[in-house]
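Spelled out, the chains give:
2 protein chains.
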Amino acid sequence: MPQSDTLNRRIVLAARPRGLPTPGDFRLEETAVPTPGEGQVLLRTLHLSLDPYMRQLMDEIAPVYAASVPLGEPMPGGTVNRVAASKHPQFRPGDLVLGNAGWQDYALSDGQDLLPLGEMAQPSLALGGLGMPAFTAYVGLLDIGQPKPGDTVVVAAATGAVGSVVGQIAKLKGARVVGIAGGADKCRYAVETLGFDACLDRHDPEFASRLATACPKGIDVYFENVGGAVFDAVLPLLNIGARVPVCGHIADYNNEKLPSGPNRLPLLMAALLQKRIRMQGFVILDHYGDRFDAFRREMGEWVDAGRVTLREDRVDGLDNAPAALIGLLEGRNFGKRVVHVAEG
Amino acid sequence: MPQSDTLNRRIVLAARPRGLPTPGDFRLEETAVPTPGEGQVLLRTLHLSLDPYMRQLMDEIAPVYAASVPLGEPMPGGTVNRVAASKHPQFRPGDLVLGNAGWQDYALSDGQDLLPLGEMAQPSLALGGLGMPAFTAYVGLLDIGQPKPGDTVVVAAATGAVGSVVGQIAKLKGARVVGIAGGADKCRYAVETLGFDACLDRHDPEFASRLATACPKGIDVYFENVGGAVFDAVLPLLNIGARVPVCGHIADYNNEKLPSGPNRLPLLMAALLQKRIRMQGFVILDHYGDRFDAFRREMGEWVDAGRVTLREDRVDGLDNAPAALIGLLEGRNFGKRVVHVAEG
Chain A
1 MPQSDTLNRR IVLAARPRGL PTPGDFRLEE TAVPTPGEGQ VLLRTLHLSL DPYMRQLMDE
61 IAPVYAASVP LGEPMPGGTV NRVAASKHPQ FRPGDLVLGN AGWQDYALSD GQDLLPLGEM
121 AQPSLALGGL GMPAFTAYVG LLDIGQPKPG DTVVVAAATG AVGSVVGQIA KLKGARVVGI
181 AGGADKCRYA VETLGFDACL DRHDPEFASR LATACPKGID VYFENVGGAV FDAVLPLLNI
241 GARVPVCGHI ADYNNEKLPS GPNRLPLLMA ALLQKRIRMQ GFVILDHYGD RFDAFRREMG
301 EWVDAGRVTL REDRVDGLDN APAALIGLLE GRNFGKRVVH VAEG
Chain B
1 MPQSDTLNRR IVLAARPRGL PTPGDFRLEE TAVPTPGEGQ VLLRTLHLSL DPYMRQLMDE
61 IAPVYAASVP LGEPMPGGTV NRVAASKHPQ FRPGDLVLGN AGWQDYALSD GQDLLPLGEM
121 AQPSLALGGL GMPAFTAYVG LLDIGQPKPG DTVVVAAATG AVGSVVGQIA KLKGARVVGI
181 AGGADKCRYA VETLGFDACL DRHDPEFASR LATACPKGID VYFENVGGAV FDAVLPLLNI
241 GARVPVCGHI ADYNNEKLPS GPNRLPLLMA ALLQKRIRMQ GFVILDHYGD RFDAFRREMG
301 EWVDAGRVTL REDRVDGLDN APAALIGLLE GRNFGKRVVH VAEG
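Line order of the protein sequences matches chains A and B.
For the first sequence, position 216 matches number 216 in my numbering, and the numbering has no gaps at all.
For the second sequence, position 232 matches number 232 in my numbering, and the numbering has no gaps at all.
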């Protein structure tokens, strides 16, 4: 169903998921297109970003860094928008902006959360390789991971929106990069196209021993996106002085309760101590003020020079967003997953 | 049994403990007093430090930071010694030195691990408040914990050799300090003598809720000495941006296997991420080069000015060392535990 000028399609949270979300946890509604008040902008959605953090906002008790989605309200999400109408002095109809319209065709904004994009050849990149996920990779790897030439950097979800950029920046910094991905095709892409030194399939029954073989000098930086069994395999390989930026742990997001035992926490505590490991969580929202300009300049140069390759996993149509998010949580994306809601 | 001029009593590791060590894991032997060769020093032990890390060295697979004790070899340990004989140009008989003679009356050294102490009113302080444990507190709290005025700092094993100094330095830096200790008498001492703002008995069935009540603004720095149930109670109270120096986790040292489930590791991963927590293990041996002089100067001033109170938990007689270490691992020390092997 194409975008309308008069109807606003929106996908709301219909029920709180138990474990992996199902299509029934979402509901498509149609409302009138809202009218901007004084100082407001009416946004029309072109592209919608899908990201793992969205799963966490679907739970009643949301993470500290963002509020839980109320039942019956539209799913939130970063978007690329055209300004459809404006009563705001800084925005004009037709402007291309980065916004937070969420899972809907139209939304109002007071302008404070909007970033003018100018014109871009591929505006959806503002949601991936030139936007939040790549910025997450940049800050987490460089500020917390601090890779040095010759270090071994391991990154899970290696062909995803964040992991693919982590690995490529680590290569630019002179590190040896070992990816972890789900499936042989993703692993081949990580090595042949992204230039990783090795990439291992986490579904392989011999995954843990293959990871050890691929990291003969141990692991100096582990960029944590995944948690679960992947982290368990990484932990014994961490070197003295290793750094572990904690960006996500998608393996746990759909767990309704803690996994059964044994309790592995003492094992982590022992490793942190004996190996002087630094583990540090970060939330990218904290870093826009002081790091975003540096990221945009440097990443723009790398992309323009062909030193960083970006892959978009395109989904067409807003009504396909629920299934696309469910697939993302199952690792069925291949690159940065973006819903193309409308062109123009 | 007093120290002899001709016999060297030494306590060796007789068996690898299963769980908490027992007296049968140690054996007292008598050998001849060794004779120093060219460039060597003969040390006579006055005071022997007992520290939780010793338990870890008794296992076959030792931590990365120090070698496992071979069966039949003397237990290692920091000591205050008199030089009994010297064929080393820099040491003369009668010199008071800090050494690593271990659990025995006499030992040889090539001088490289010796620190001249000059004369001290209370030489055993070199093993506690002016030595390794307090240095551990200083580096872990200031370099990793980085307490700011008004922060809430929580420290477990609050009246122990490390914890008592952590809390007092944190007070000097303007933090609110909440201790955790085993027993009402230790808690009273932490508040009344050490000046902590509160101290909670970890044996209290309501411990976790009392900790929450004692930290109404959450926890900004948790100095980890203990692990286990204490860490479980701390974790939900950690604030955004909290720092967790990991210095030890004594609750786990005598576990023969991982505790039963559920596996709490995902809970830690979620907290690290959502609250942007930094957890960092450290081993004090790494820091002598660049931090020890600052520690010695500053700590010496604090002790001389009465701003830091030190309590020694004195045990008399080398033969009591095994029971004293076992008690230390059970939390039955009250202050820095030192074996007074001989006076002089």
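Keep in mind that the hints were calculated from the coordinates and are not lab data.
There could be a bad hint or two in this list.
Identical chains blur together in the list; that is why a pair holds if it fits in one copy or across any two.
Computed cross-link-like contacts, SDA-like style, restricted to lysine to any residue with a CA-CA straight-line distance of at most 25 angstroms [claimed, not checked]:
#, residue 1, residue 2
1, K87, R296
2, K257, E29
3, K257, F334
4, K87, P36
5, K257, L237
6, K171, G94
7, K257, L267
8, K173, V283
Since the structure is predicted, the reported quantities are computational estimates derived from the model, not experimental observations.
Compare the structure with the hints numbered earlier in the document and write down the numbers of the violated ones, lowest to highest. 1, 2, 3, 6
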